[in-house]
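Visitor: Using the sequences and the accompanying hints, generate a full structural model.
The chain contents come next:
Protein chains: 2
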Amino acid sequence: MAVRVLGIDPGLTRCGVGVVDVEPNRTAKLVDVVVLRSPADLDTPRRLARIADGLEAILEEHRPQAVALERVFARSDVSTIMGTAQISGVAMLIAARRVLPVALHTPSEVKAAITGYGRADKAQVGAMVARILGLESVPKPADAADALALAICHAWRTGGAAGAAISDARSGAGAARSGRDGSGAALTPAQQAWLAAERAAAVSGAARRVKE
Amino acid sequence: MAVRVLGIDPGLTRCGVGVVDVEPNRTAKLVDVVVLRSPADLDTPRRLARIADGLEAILEEHRPQAVALERVFARSDVSTIMGTAQISGVAMLIAARRVLPVALHTPSEVKAAITGYGRADKAQVGAMVARILGLESVPKPADAADALALAICHAWRTGGAAGAAISDARSGAGAARSGRDGSGAALTPAQQAWLAAERAAAVSGAARRVKE
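From first to last, the protein sequence lines stand for chains A and B. As numbered in the UniProt record's numbering, residues 1 to 212 make up the first sequence, in order. As numbered in the UniProt record's numbering, residues 1 to 212 make up the second sequence, in order.
You can trust all of the hints, since none of them are fake.
The calculated label-pair distances, taken between Cβ atoms and stated as ranges, are:
1. N25/B x A57/A: 45 to 51 angstroms
2. V99/B x P24/A: 43 to 49 angstroms
3. G118/A x R63/B: 46 to 52 angstroms
Looking from chain A toward chain B, a few residues come up when the C-beta cut is under 7 angstroms (computed):
4. R46
5. L48
6. A49
7. M82
8. G89
9. A96
10. R97
Source of the hints: derived by calculation from the structure; they are not laboratory data. Remember, predicted model here, so these are calculated numbers, not experimental data. C-beta: ideal position from N, C-alpha, C; glycine also.
Guide: Written out as structure tokens, the structure reads:
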């Protein structure tokens, strides 16, 4: 039984949204991918509403079982963090109102899950996303590939158990944590099996890491 | 003709919401003030939904003409900024969907407008809010007084012209600016008159500044 996950790479100018179906054997299939945009000459509230409208339309169309969101960290550019945090808040609200579990994953968790290497660059992530989904070319722009990577990462990390996402999101409240979330202790046997499979895949993934 | 402004002091644990009616002669009347709360043991998406529900109920009940929000700045505690930015995003979305203008004001702008002194402390702001609104005691907790201060500040700074708030929000997109927003060049004659009145009030306000 496949799990359908919607991944969001949050942003005010470009917000990547990817939907994948992931089978228990880790096979992943592309359902849809779009990059929502809002014009920079609109005020922030209207930009947020524009992105929110697009997000709701995609949720309505594809009805995912879980939402995976990039965990936002402090970066050098304060205005970027604010826009990203605002979009994240809006995405969380929309998911919560549809009673969808929301999980947060850091960029390094996503890179590690997808490429086997937590410091992989965008080209490596894009190439692995294309390979995992059996696409002929890398999804562009990077926000699209990142959103798909988030969705795949989430399905792989949780073993496709949509409900498991809730505790992950809870441990990420405030988005101030770093590294892995240390929730291993609470894993079900099925999740532990997934985790083992993920680790094995990560090792082989590292060995065959895509060259640019 | 009074303008009704809803002020929001954004926060995930406590979100102050104050509604005031402000007359063209700067007289302000309390309409309502509440502090919305969300339990820390809920995950962030549900906490945002809890606050959003409360905010929508107040908007529905009091139908303000404008929303004033505190402009968020980088502070030492990253998790606080994130929660505040997420709530701000949610508040902006809700306002935008009701086609309400949203204005951002910095804490020092609010303090300057209310007490005449941009570095006033919370007790001074609370005491002035109580005096302006003719209340027998200072609204508690501080989030309640801050939300009312934001609403009064907004009405005073814009001369009660709800439409003027849009350009203010636009100049604040990204919430990364500091100080006054330098929009003086775009003021209408009515707004210039208000600004002059505000400056006069700020001077006398500074002179009679409330002691603790």
